[in-house]
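Engineer: Could you put the whole structure together from the sequences, leaning on the hints where they help?
Chain by chain, the residues:
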Amino acid sequence: MISFILADLRRLWLGAAVMILLVALATALGVTVTLQERALRLGSARAADRFDLVVSAAGSETQLVLSSVFLQPSPLPLMPGDVLAKLNADPRVAWAAPVGFGDSFLGHPIVGTTTKLITGTTTGFSAGAVFAHEGEAVVGAGVDLPVGAEVKPMHGTAETGGETHKEIAYRVVGKLKPTGTPWDRAILVPVQAVWHLHGLGAHDDHDDDHDHADTAGAANAPAEPEHHDEHDHHHGHVDADAPVNEAFTQEAPGLPAILVKPKTIADAYRLRQEYRSGSTLAVFPGEVLTKLYATLGDAKFVLAAVSAGSQVLVAAALLLVSLIHVGQRRRQIGALRAFGAPRTAVFSIVWSELFGLVALGIGLGFALGYTGARFIGTAFTTQTGVILPVEFAMEDWRMASALLLLAALFAAIPALLAYRQSPAQALRA
Amino acid sequence: MTSLIVEGVRLSVPDMAVPVLNVDHLMIGSGAHVAITGGSGSGKSSLLNVLSGLERPTAGRVVWEAVDIAALSESGRDRWRAEHVGLVMQDFHLFPGLSALENVLLPAKLARVASEALKQRAGELLVKVGLSRPDQHVETMSRGEMQRVAIARALLREPGIIVADEPTASLDAESGEAVANLLLSIAVETGCTLLVASHDPRLVERMKRRIAMRAGEIVSDTVDAESSA
Ligand SMILES: Nc1ncnc2c1ncn2[C@@H]1O[C@H](COP(=O)(O)OP(=O)(O)OP(=O)(O)O)[C@@H](O)[C@H]1O
Ligand SMILES: [Mg+2]
Numbered sequence: 001m002i003s004f005i006l007a008d009l010r011r012l013w014l015g016a017a018v019m020i021l022l023v024a025l026a027t028a029l030g031v032t033v034t035l036q037e038r039a040l041r042l043g044s045a046r047a048a049d050r051f052d053l054v055v056s057a058a059g060s061e062t063q064l065v066l067s068s069v070f071l072q073p074s075p076l077p078l079m080p081g082d083v084l085a086k087l088n089a090d091p092r093v094a095w096a097a098p099v100g101f102g103d104s105f106l107g108h109p110i111v112g113t114t115t116k117l118i119t120g121t122t123t124g125f126s127a128g129a130v131f132a133h134e135g136e137a138v139v140g141a142g143v144d145l146p147v148g149a150e151v152k153p154m155h156g157t158a159e160t161g162g163e164t165h166k167e168i169a170y171r172v173v174g175k176l177k178p179t180g181t182p183w184d185r186a187i188l189v190p191v192q193a194v195w196h197l198h199g200l201g202a203h204d205d206h207d208d209d210h211d212h213a214d215t216a217g218a219a220n221a222p223a224e225p226e227h228h229d230e231h232d233h234h235h236g237h238v239d240a241d242a243p244v245n246e247a248f249t250q251e252a253p254g255l256p257a258i259l260v261k262p263k264t265i266a267d268a269y270r271l272r273q274e275y276r277s278g279s280t281l282a283v284f285p286g287e288v289l290t291k292l293y294a295t296l297g298d299a300k301f302v303l304a305a306v307s308a309g310s311q312v313l314v315a316a317a318l319l320l321v322s323l324i325h326v327g328q329r330r331r332q333i334g335a336l337r338a339f340g341a342p343r344t345a346v347f348s349i350v351w352s353e354l355f356g357l358v359a360l361g362i363g364l365g366f367a368l369g370y371t372g373a374r375f376i377g378t379a380f381t382t383q384t385g386v387i388l389p390v391e392f393a394m395e396d397w398r399m400a401s402a403l404l405l406l407a408a409l410f411a412a413i414p415a416l417l418a419y420r421q422s423p424a425q426a427l428r429a
Numbered sequence: 001m002t003s004l005i006v007e008g009v010r011l012s013v014p015d016m017a018v019p020v021l022n023v024d025h026l027m028i029g030s031g032a033h034v035a036i037t038g039g040s041g042s043g044k045s046s047l048l049n050v051l052s053g054l055e056r057p058t059a060g061r062v063v064w065e066a067v068d069i070a071a072l073s074e075s076g077r078d079r080w081r082a083e084h085v086g087l088v089m090q091d092f093h094l095f096p097g098l099s100a101l102e103n104v105l106l107p108a109k110l111a112r113v114a115s116e117a118l119k120q121r122a123g124e125l126l127v128k129v130g131l132s133r134p135d136q137h138v139e140t141m142s143r144g145e146m147q148r149v150a151i152a153r154a155l156l157r158e159p160g161i162i163v164a165d166e167p168t169a170s171l172d173a174e175s176g177e178a179v180a181n182l183l184l185s186i187a188v189e190t191g192c193t194l195l196v197a198s199h200d201p202r203l204v205e206r207m208k209r210r211i212a213m214r215a216g217e218i219v220s221d222t223v224d225a226e227s228s229a
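First to last, the protein sequences are chains A and B. For the first sequence, the UniProt record's numbering begins at 1 and goes up steadily by one. For the second sequence, the UniProt record's numbering begins at 1 and goes up steadily by one.
Simulated from the structure, these hints should not be mistaken for lab results. Keep in mind that this is a model prediction, so the values were computed, not measured. Treat the hints loosely; a few may be bogus.
Said to hold, decoys possible - Computed far set for chain B versus chain A, every beta-carbon distance over 10 Å:
#	residue
1	R79
2	R143
3	P201
Said to hold, decoys possible - Computed beta-carbon distance windows for the label pairs:
#	chain 1	residue 1	chain 2	residue 2	range
4	B	A66	A	A367	55 to 65 Å
5	A	L409	B	G29	21 to 31 Å
6	A	R420	B	V18	24 to 34 Å
7	B	A117	A	R10	28 to 38 Å
8	A	L12	B	R133	23 to 33 Å
9	A	I324	B	E158	37 to 47 Å
Ideal Cβ placement from N, Cα and C applies to all residues, glycine included.
Structural biologist: The structure is reproduced here in structure tokens:
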């Protein structure tokens, strides 16, 4: 029987190939959508995992999460520096670390922060150690710079027409192990260096109106070109050899965001409650993401509907083709029986031929869909640093089984038609 | 080998008032060589289909050696036919993409009865019908060769009955003659009952008994004087 089916398929290889391809593409579409959507959800949730509570000036929650967790350059409003001191003094807080954005180097965001944040959110160093001086930097695993390399910060990003700060070149002293988050792509420097570079902070002697919006913007996202000139006047001096000072006082400059590690979950909720009122905003990034997914849920539904629709179309087309095919081969099928093949063999031949093709298509579709999702995931990781865990879950195997079962039932329709055909009638035709 | 008694057989088709086959009584002795003649549409194929169990008559009995195949189920008739009848058709019905040998063995394989002995027999049968290349793909063969493959296939399971519906009609005179010779010599050699529907005088004249049909009924039934089939 196998040899007969194979001979049959060899003769009809083109049609069979097109059929397999159609099934494979329709399946791949569905698989890619499912895998990619899940990977995006898991990957971003994992990226947000290390960030328990983020506090910023009142503004957009989504914006805050995008900037702090995903390091997307966007202008965040600043909050007064005393918030940091207050949080650090709070007994419910394990640690609170400032996060200052705005500069970049070779497309990598430079983030001003503290050693506490680095030890608290990463899994250790693959080379070197944490910074100890104002002119030192730590790079994420995704930054292609060795220990000892020089980092010349550029204000804003190259795409937005930033200019290079000439006052300082950081020296890389440590490289972190991969975390699978956008922070892998970041260059971490002492926050005080960022402040000083932009003419802010306690050491600054010609500018202390750190709450001033224009100045504050410097420690933040790229501003419009005319602002650049203005910043230049405020640029302070940096002492690369000054030891890192992480005792933040009431006098600390304005900050775009503070990452807070509460001691307990109850503390986390209380802190969020407290810092949500008035001029500050406090969010659980994971929760913001969940809300975001709820909004994106509709998009997922549309994609899922499109792929399901394509699968239904392909199934219908296949059924039609196979019914026509069986109709065209009535004589052959009739002859098989006339010469002594049992009806069950006729049924099996038609069924296995069709089911084999569809099953092969489904298998190929899963492989193709997985490859596609991996491909998108890799591209996404290169771009954002978020590692998308593209992997099959139990429900995928359930879906594959359901598809195969459906294919088995579908294949039975033309097979039954062939089974019921009278050999005498078929031979007359 | 196998004798036949037909009684009160009618075959009606949905869109025709008169039955396409109406045979009140017919007896064929074991090992007889019978030609069935008649104009186109006279019911030759219908009769052979009923006798070989391809079609179930609307009424009547078709008793081969004590088995009334008209009373068997569809699958039962398939099984019975596979064991007792070797079919040869005008249009060969070989399967392209398979070799001569594979074609001979295909029905037996599908019925899961292809033993080693049967496989060997298939090769021998191909030699017997005059084919020297069992591995040749059938679509590359001449029509005469194709019909020989079909005859070898019909003989594989040593049927007691050979039913041939216009076996020479699609062949030229020479191949037709060869096929006719082959069928007759095999029938004589194996002693099996041979039923042949044909327009071909060269084949018809060589059969001992000739049944003529018109409009689904037997109109004459002659037996050659020198024999008593
Ligand atoms: N399933 C059917 N539906 C309608 N008519 C049928 C059917 N089967 C047979 N017939 C009719 O029965 C008659 C006898 O057909 P049959 O094929 O037995 O003739 P035949 O003698 O074999 O003719 P030919 O020499 O052309 O092969 C024809 O008129 C045919 O149209
Ligand atoms: Mg006919």
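Engineer: Does R143/B really sit off the interface, with its C-beta more than 10 Å from all C-beta atoms of chain A?
Structural biologist: Consistent with the label, R143/B stays out of reach of chain A, its closest Cβ about 16 Å off (over 10 Å).
Engineer: Checking the smallest CB distance to chain A, is P201/B really beyond 10 Å?
Structural biologist: P201/B is indeed farther than 10 Å from all Cβ atoms of chain A, at 25 Å.
Engineer: Using the Cβ atoms, figure out if L12/A sits within 23 to 33 Å of R133/B.
Structural biologist: holds, 25 Å
Engineer: Taking 28 to 38 Å as the hint, is the beta-carbon distance of A117/B and R10/A inside that range?
Structural biologist: holds, 29 Å
Engineer: Note whether the CB distance of L409/A and G29/B lies within 21 to 31 Å or breaks it.
Structural biologist: violated, 51 Å
Engineer: Lying within 37 to 47 Å: is that true of the beta-carbon distance I324/A to E158/B?
Structural biologist: holds, 39 Å
Engineer: Take the C-beta atom of R420/A and the C-beta atom of V18/B, compute their distance, and say whether it sits inside 24 to 34 Å.
Structural biologist: holds, 27 Å
Engineer: Would the non-interface assignment of R79/B survive a Cβ cutoff of 10 Å against chain A?
Structural biologist: violated, 7 Å
Engineer: Does the hinted range 55 to 65 Å hold for A66/B and A367/A at CB?
Structural biologist: holds, 59 Å
Going through the hint list in order, the structure does not satisfy hints 1 and 5.
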